[in-house]
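K.L.:
Sequence:
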Amino acid sequence: MTLADLSLPMPLEHCRDLALVYSHDAAVALYELQQEHGDWRNVCYGRRLTDDRWMIDGEILSAVGNGGTYGWVSSHMDSALMSQIEIVPMADAVALLLPDPVM
0 MTLADLSLPM PLEHCRDLAL VYSHDAAVAL YELQQEHGDW RNVCYGRRLT DDRWMIDGEI
60 LSAVGNGGTY GWVSSHMDSA LMSQIEIVPM ADAVALLLPD PVM
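Residue numbers (this note's numbering): 0 to 102.
Everything labelled a hint here was simulated from the structure, so no lab data went into it.
All residues carry an ideal CB built from backbone N, CA and C; glycine is no exception.
Treat the hints with care, since some could be wrong.
Stated by the list, open to error - Each pair of labels, with its calculated beta carbon distance range:
no.: 1; residue 1: S78; residue 2: D99; range: 32 to 42 Å
no.: 2; residue 1: D99; residue 2: Y30; range: 19 to 29 Å
no.: 3; residue 1: D4; residue 2: D50; range: 15 to 25 Å
no.: 4; residue 1: V87; residue 2: Y30; range: 15 to 25 Å
no.: 5; residue 1: N65; residue 2: D4; range: 12 to 22 Å
no.: 6; residue 1: S73; residue 2: V101; range: 32 to 42 Å
no.: 7; residue 1: V27; residue 2: N65; range: 23 to 33 Å
Starting from the given sequences, assemble the full structure and let the hints guide the process.
P.N.:
The following block contains the structure:
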């Protein structure tokens, strides 16, 4: 399933066990959209995965509708980019996180 397949925003209780996983190119596009349309007080950063993809916590899906904290996602992201962002179980994404260099 991809971001393009979803009806946004989603209820928070349906988002908690999900993650958004995407390529480096999609990460760059998301960063640029956030810089242009986002709010500097609510910046969303992805975490790098071992397979060189990136992830964001699925809870963001509850705030992407019109008027939401991340409303720019649904109003400015094109369907081609949305179809590049996979929705996966959080456990699958967490299993791919890079090791913490401090630990």
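K.L.:
Does each hint fit the structure? Answer for all of them.
P.N.:
Hints and how they fare:
For the pair S78 and D99, the beta carbons lie near 35 Å from each other, so the given range of 32 to 42 Å is met. Taking the beta carbon of each, D99 and Y30 are about 23 Å apart, inside 19 to 29 Å as hinted. Hint check: D4 to D50, Cβ distance near 22 Å, so the stated range 15 to 25 Å holds. For V87 and Y30, the hinted distance range of 15 to 25 Å is satisfied, since their beta carbons lie about 21 Å from each other.
Between N65 and D4, the C-beta spacing of about 19 Å keeps the proposed range 12 to 22 Å intact. At about 36 Å, the CB distance of S73 to V101 agrees with the hint of 32 to 42 Å. Checked against the hint of 23 to 33 Å, the C-beta distance between V27 and N65 comes to roughly 25 Å, which is consistent with it.
Going through the hint list in order, the structure satisfies each hint without exception.
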